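Q: Listed here are the chains, written in short residue letters.
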Amino acid sequence: MDFFVPLDLREPINQAVDSLVVRYGDRLHVLNDLILQGLLLPLERALRGAPPWVILLVVALLAWRATRRWQVALPLTVACYLIGCFGLWDALMQTLALVLVATVLAVVAGLPLGIVAAHSRRLRAVVLPVLDVMQTLPTFVYLIPAVMLFGLGKVPAILATVVYAICPLVRLTDLGLRQVDPDVQEAAHSFGTTRWQMLLGVQLPLAWPSILAGVNQTVMMALSMVVVASMIGARGLGEEVLAGIQTLDVGRGLQAGLAIVLLAVAIDRITQGFGRVRRPIRDEERRS
Amino acid sequence: MDFFVPLDLREPINQAVDSLVVRYGDRLHVLNDLILQGLLLPLERALRGAPPWVILLVVALLAWRATRRWQVALPLTVACYLIGCFGLWDALMQTLALVLVATVLAVVAGLPLGIVAAHSRRLRAVVLPVLDVMQTLPTFVYLIPAVMLFGLGKVPAILATVVYAICPLVRLTDLGLRQVDPDVQEAAHSFGTTRWQMLLGVQLPLAWPSILAGVNQTVMMALSMVVVASMIGARGLGEEVLAGIQTLDVGRGLQAGLAIVLLAVAIDRITQGFGRVRRPIRDEERRS
Amino acid sequence: MSARIELRHVSKVYGDDPHRALTLLAQGADKHQVLADTGSHVGLYDVSLSIPAGGIYAIMGLSGSGKSTLVRHINRLIDPSAGQVLVDGEDVLGFSAARLRDLRRRRISMVFQHFGLLPHRTVLENVAFGRRVRGESRRNAQAAAQGWLARVGLSGHERDYPDHLSGGMRQRVGLARALASDTDILLMDEPFSALDPLLRDDLQSQLLTLQAELGKTIVFITHDVEEAFRLGQRIALLRDGRLVQEGEPAAVRAAPVDDYVARFVARVSGADVPRSTGSAPG
Amino acid sequence: MSARIELRHVSKVYGDDPHRALTLLAQGADKHQVLADTGSHVGLYDVSLSIPAGGIYAIMGLSGSGKSTLVRHINRLIDPSAGQVLVDGEDVLGFSAARLRDLRRRRISMVFQHFGLLPHRTVLENVAFGRRVRGESRRNAQAAAQGWLARVGLSGHERDYPDHLSGGMRQRVGLARALASDTDILLMDEPFSALDPLLRDDLQSQLLTLQAELGKTIVFITHDVEEAFRLGQRIALLRDGRLVQEGEPAAVRAAPVDDYVARFVARVSGADVPRSTGSAPG
Amino acid sequence: TSPWCQSGKPVKVAGLNWESGELLTELVATVLEQGYGCRVERVPSNTITIENALAQNDIQLVAEEWVGRSEIWNKAAAAGKVKAVGNVIVGATEGWYVPEYVVKGEKTRKIRPAAPQLQAVSDLPKYKQLFRDNEEPDKGRFLNCPSGWTCEGVNSQKLKAYGLTDSYVNFRPGSGAALDAAVASAYQRGQPVLFYYWSPTALMGKYRFIQLTEPAYNEACFKTLTDRNQAKPCGSAAPEAVIQAGVSRVFHDADPVLIDFLGKFNVPLPLLNAALAGMANNPGSAAVQSRRFFATRPDIWRAWVPDDVAQRIAARNTGK
Ligand SMILES: Nc1ncnc2c1ncn2[C@@H]1O[C@H](COP(=O)(O)OP(=O)(O)OP(=O)(O)O)[C@@H](O)[C@H]1O
Ligand SMILES: Nc1ncnc2c1ncn2[C@@H]1O[C@H](COP(=O)(O)OP(=O)(O)OP(=O)(O)O)[C@@H](O)[C@H]1O
Ligand SMILES: [Mg+2]
Ligand SMILES: [Mg+2]
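These protein sequences, in sequence, are chains A, B, C, D and E.
First residue of the first sequence: 1, per the working numbering; consecutive thereafter.
First residue of the second sequence: 289, per the working numbering; consecutive thereafter.
First residue of the third sequence: 577, per the working numbering; consecutive thereafter.
First residue of the fourth sequence: 859, per the working numbering; consecutive thereafter.
First residue of the fifth sequence: 1141, per the working numbering; consecutive thereafter.
If we strip away everything but chain A, and leave its shape as in the complex, we get (with noise of 0.2 Å):
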């Protein structure tokens, strides 16, 4: 097409990488190790550690604790039994500590540029489009790269995890902080609060609501790369859905699949449980 001028980035995108992974390649794959060993593997020695019933009656307490509704913490519980009667429990482990660590980091990131984003339009501007890109660039694209430069395994894939769970949790937290009714935070205003104090004692818990559904996105987002991460070199539930497929057997990795989704439902269940507020918004009976 002649309308077109021709362009080519490839070899210099290529070139690019190689000399980073020859420059720091090492150092980074030094810095994986730390991760790993710190924070990881002791976490994951533990869950694989622990006898299942410990676990199972830590996810029935916290259930129960997070929701005070036994129909919620009973089923929960059953379901975590039976993925261990598929005889998936150690990949459940695994995953669950993948999972747990990346959604840690997400949250404990995405909120706070969520509120950067809410409080400075100028911030805003930038952030906005950096999750654009974190979101639709393919994470293979980035996976190969990150790969050479710290190594197979865990840490480039809850890296990876991080990148594309954070996204709408930053975006929900933005949106509800900036839909916090004016007049309520003038009033606020009034009394002089600090920025600290505004943030924290009003629009945070008005804004909750859409923070809770960024936290809900992040943690499907997060599990719903568990195939991915796996494709690195994670192991856990995402193998099994890798092998699964690989070898047509449909009935393997639709049951790995399954104990996924049952991860995210219950991981999804607690987190929005103790997130919620207890009271009712309004009194239901206005609204005839």
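Hints were generated in silico from the structure; no laboratory data involved.
Since the structure is predicted, the reported quantities are computational estimates derived from the model, not experimental observations.
Think of the CB as a built atom: it goes at the ideal place given N, C-alpha and C, for glycine as much as any other residue.
Just to be clear, a hint being listed does not mean it is correct.
Some but not every residue of chain B turned toward chain C, in silico, with C-beta under 10 Å [to be verified]:
1. Glu299
2. Asn302
3. Val318
4. Leu319
5. Asp471
6. Val472
7. Glu474
8. Ala475
9. Ala476
10. His477
11. Phe479
12. Thr481
13. Gln485
14. Pro493
15. Trp496
Result set (DMTMM-like, lysine to aspartate or glutamate): computed pairs, CA atoms no more than 20 Å apart in a straight line [stated by the list, open to error]:
16. E:Lys1404 with E:Glu1173
17. E:Lys1346 with E:Glu1246
18. E:Lys1215 with B:Asp321
19. E:Lys1149 with E:Glu1181
20. E:Lys1279 with B:Asp306
21. E:Lys1250 with A:Asp26
22. E:Lys1250 with E:Glu1240
23. E:Lys1346 with A:Asp33
24. E:Lys1223 with E:Glu1240
25. E:Lys1221 with E:Glu1354
26. E:Lys1250 with A:Asp8
27. E:Lys1404 with E:Glu1354
28. E:Lys1266 with E:Glu1354
29. E:Lys1268 with A:Asp18
30. E:Lys1300 with E:Glu1359
31. E:Lys1279 with E:Asp1263
32. E:Lys1149 with B:Asp314
33. E:Lys1279 with A:Asp18
34. E:Lys1346 with E:Glu1240
35. E:Lys1363 with E:Asp1263
36. E:Lys1221 with B:Asp314
37. E:Lys1266 with E:Asp1306
38. E:Lys1404 with E:Glu1359
39. E:Lys1244 with E:Glu1211
40. E:Lys1372 with E:Asp1306
We have chain A already, so just place chains B, C, D and E with the ligands on it with the hints.
A: Okay, now just chains B, C, D and E with the ligands, sitting in the frame of chain A:
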């Protein structure tokens, strides 16, 4: 582990899938053909057949109409031109056709679902868990059976994309509708609005920011599925990315990946621009 | 004179377990005890009253005594915990959704204490809302709305949005919106509370004229005793969700049933309240 | 008596291009013309007034005349488009964020026309909010809040949430919240508008006592002319964003500058307004 | 004059996306289009989906099929839904590799040989510290095939057979791309790495690897390796790989003419390796390599097809 009673669903599932394929495979293949011939191919042909400058012009006009700011419209158009320069124009058009169809389907189905979920507690109790499954069940797990049922190609790719991308829209529509000020709804009620008038005249407009955030996430997710789609035979940018990755040609993958990002940004900015209400919601000054 | 609106032993308890609260109330507990014991708020308890057709019916009472709760029962924005509500002799609680809608569209309109304006619509669109809802053309509805905006002194603000208005201006939009609906029954919950005295005088007169000319039935909540005596052809006094006294203003002033009522009406200086009596055809 | 609060040529235009509007106004246009020409709302134009220390200063005026806009300038919730605002002789527009915060925490508190309650906090927490913000312990703050809740008649409702309250109850929560802050300067934007006459009487007396005992400076917006004359040691009248007349009630009544003011003050029946004069130490 | 193409139906060809696959697909497609006047559609996908689609006749042709390497293929072949024809590549290899510098060192990058004695898989236990796995630091890491590939099972059995389960982690990278990335990264950084690999591949052409020796191929032993449940497998090198063209049964039965061509279709290994190396330096140029091949090596491709067909191909390729 003795603690778990061993269970295995693999065989029954596999048999079920097989018998489904045998029984309905042919009919669904025909359906596939129909959707292809009736919807996707004409669109794709039109997009690929049109001279690039026409498409660029349309993009520029749409972006300008949507945002009224040439600071947005101009860079978007230039970026599309650059994708052409990278030699990816044809792939871009193929992906565009796919993503357009998937996004439109997701919005057309997702908005009503969200509305239904917001209005009926019972239906929400059904819809939300289904969304959990749709979003976290690894795509591959249902992609393979889908291929067996529908055949290889664009139609199952679109189905998978819709299944995945619809979720945030449903959730955010539900959230937005449930946050509408009950005082305002009560006032509208007092004039004898029908459900329909209430929905169109009061609830949807007031929930609009949340719904737009949902549309944004849907667009983002549809584009993040492009690579997966090309794993089952949809051509376009995803294929380029895959090929780049398989041959460890990071540059090739990244170049195509960036094109996907750009497409995402363009679709997002245009939809958000058309969706945005022009009037500033509240005088900014009050929030000193 | 026939009763246009009738409440029969209406009680309303806000909360999870109205029956427990009602039992307590029947045993003689008052709303503060009920709140302390059950956590439920008593809105109304055992209120019966009948509002005659054609005329202004004023409702007064302490803050929190259940006035807003009471009027909301008339167009059934609230369902009572117990009791019956009759409009033109028909029990609105038995209405189908369609009949209820029709009642709200053509026969009853309401001014809300908290205005309840639609924030995403202009002032003009807000005022035209009631007519648009019942299917009138945009042109007709807006023409009518325009007229009412002028009468409440808001010409020139047609294209503003509610959040650009002052408190009193918002209240007038809510007022114009109800009036523009042109229904026979008007429920007005403190419609003039945020208005300056000049405007209030003017609107009071307009309301009297309107009522006299068109024979509308108006239920009017106010805290201003003078206003109640000036406008009301009958007056009801609520306290803690119960009806304390009800009757013609003169009668109430002449014979207050208790000290509470006496203190209320003591504030009206005898003669200076002009009245346009003469009840319209029922 | 020294001026506690002073506004110097303050103008406020809501809109994108205040300068164009100000130019028009300087050429003699009024706010309706400015709205029609530029789409900007004029809140205030060229208002200068000085509010003496210790005393109640009443502000009146038609709906939309700029009263709420005016008081918001005093604690700088709004920055003026032109002019200066002085509190205790210092220009608040020059304050750093920290000093402004200190001003709002310890020296000025405000009652909002639309209440501005925090919907996610209980009544008690709402009232304690001001003290909590400036760092008092929860215990102390809630004890003080409890006391003020009792004084506005809301004991027993400590643990309710605002959306379970009636309009007048909400207004009292906002009132208690401002009073509980115990600042020298109180800005009150129609604080009694939703209250019944008995409660209003009671609260007016409390306010007078409070002012007399503690020498607070109170800026009080009201539509009730009797209230203004009963409470105000000085009165200012606004119209369309401009200051029309300002002075002692007696002086204003004796010599209204124009027909508008005359019509306003005509509504007060001469003698029956009790006053507790005697201005406190400035 | 192929009956399939004459009937107007397009030939759907798997759009393989690894280097050799890309090139071979390009060659086949060129012959079909230019020689037989067929309409060729390339359908991109991953291996499993491709094999599955072939079994359903959703696509008709896979230019490079590692016969017998996947369960799907095996099942489909057993059911008679797919057929393998010809010998597309002869002499493909597979096995366990380390980079050459691990044994011999490399002067230009000043890498000293880290394991000069390493020759056979039996030497590996001594070197487990060299190939340390950071997730289980007291073991070495062996990079296996991606999970689910047939070779993954074989290698897992081999680890048992060679007594390496205590000293090495059986690390499954999850995808071919991840394996490639890990190997390439280690090579560029001059780090030791132990992995399973095969040829013809671009990586093999680009870097210098040494294959570790294994016990010679033994059919009985190899059977124990392909059975995952075999507790005590015995060691054996892999048999020579069979790489053929895969076609769907329907296509196979419908078009003897094209099947005849595919039966003769073969590219000599050295030539293929040279082309792959060329592609590695000039990415994405399978089409370029293909055109060069048809322009310069009629000696090879003329043997694939009858003269009239060859004539037509030549006519399209000499002009350029
Ligand atoms: N946020 C705003 N944006 C735009 N215009 C505003 C805003 N707030 C107030 N105005 C305009 O400023 C003018 C004065 O408003 P203000 O609220 O000060 O009136 P007010 O005297 O308090 O009236 P009321 O007695 O009705 O409360 C009005 O014309 C109003 O439309
Ligand atoms: N949505 C609600 N949920 C719970 N309690 C409510 C609700 N609305 C009103 N109440 C309670 O019902 C009682 C009566 O309220 P209502 O609003 O009818 O009073 P009112 O007479 O209109 O008072 P005001 O003059 O202050 O507006 C109050 O005690 C209030 O706390
Ligand atoms: Mg009320
Ligand atoms: Mg005001």
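Q: Does each hint hold? Answer for all of them.
A: Here is how each hint holds up against the structure:
1. Glu299: Since chain C brings no Cβ nearer than about 50 Å to Glu299 of chain B, farther than 10 Å, the hint is violated.
2. Asn302: 50 Å, violated
3. Val318: 44 Å, violated
4. Leu319: 40 Å, violated
5. Asp471: 5 Å, holds
6. Val472: 6 Å, holds
7. Glu474: Where the cut-off is 10 Å and the nearest Cβ of chain C is about 6 Å from Glu474 of chain B, the hint holds.
8. Ala475: 3 Å, holds
9. Ala476: 7 Å, holds
10. His477: This hint holds: His477 of chain B lies near chain C, its Cβ roughly 6 Å from the closest one there, short of 10 Å.
11. Phe479: OK, holds: Phe479 of chain B within 10 Å of chain C, min 4 Å.
12. Thr481: Holds, about 5 Å.
13. Gln485: Hint on Gln485 of chain B: holds, closest Cβ of chain C at ~6 Å, below 10 Å.
14. Pro493: 5 Å, holds
15. Trp496: At 8 Å from the nearest chain C Cβ, Trp496 of chain B passes the 10 Å test, so the hint holds.
16. E:Lys1404 with E:Glu1173: Given pair Lys1404 of chain E, Glu1173 of chain E holds - Cα atoms ~17 Å apart, limit 20 Å.
17. E:Lys1346 with E:Glu1246: Holds: Lys1346 of chain E and Glu1246 of chain E sit about 15 Å apart, inside 20 Å.
18. E:Lys1215 with B:Asp321: 27 Å, violated
19. E:Lys1149 with E:Glu1181: 10 Å, holds
20. E:Lys1279 with B:Asp306: Answer violated: Lys1279 of chain E to Asp306 of chain B is near 42 Å, above 20 Å.
21. E:Lys1250 with A:Asp26: 16 Å, holds
22. E:Lys1250 with E:Glu1240: Cα-Cα ~13 Å, so holds.
23. E:Lys1346 with A:Asp33: This hinted pair is violated, its Cα atoms lying about 29 Å apart.
24. E:Lys1223 with E:Glu1240: Not satisfied, since the Cα-Cα distance of roughly 39 Å exceeds 20 Å.
25. E:Lys1221 with E:Glu1354: Not OK: Lys1221 of chain E and Glu1354 of chain E at ~35 Å, beyond 20 Å, violated.
26. E:Lys1250 with A:Asp8: 34 Å, violated
27. E:Lys1404 with E:Glu1354: The given pair, whose Cα atoms are some 33 Å apart, is violated under the 20 Å limit.
28. E:Lys1266 with E:Glu1354: 16 Å, holds
29. E:Lys1268 with A:Asp18: 27 Å, violated
30. E:Lys1300 with E:Glu1359: 17 Å, holds
31. E:Lys1279 with E:Asp1263: Cα-Cα ~15 Å, so holds.
32. E:Lys1149 with B:Asp314: This hinted pair holds, its Cα atoms lying about 18 Å apart.
33. E:Lys1279 with A:Asp18: Not OK: Lys1279 of chain E and Asp18 of chain A at ~29 Å, beyond 20 Å, violated.
34. E:Lys1346 with E:Glu1240: Holds. Lys1346 of chain E to Glu1240 of chain E sits at ~12 Å (cutoff 20 Å).
35. E:Lys1363 with E:Asp1263: 24 Å, violated
36. E:Lys1221 with B:Asp314: 16 Å, holds
37. E:Lys1266 with E:Asp1306: Answer holds: Lys1266 of chain E to Asp1306 of chain E is near 12 Å, not above 20 Å.
38. E:Lys1404 with E:Glu1359: 28 Å, violated
39. E:Lys1244 with E:Glu1211: Distance of about 39 Å is beyond 20 Å: violated.
40. E:Lys1372 with E:Asp1306: 15 Å, holds
In the structure shown, a violation is registered for the earlier hints numbered 1, 2, 3, 4, 18, 20, 23, 24, 25, 26, 27, 29, 33, 35, 38, 39, in ascending order.
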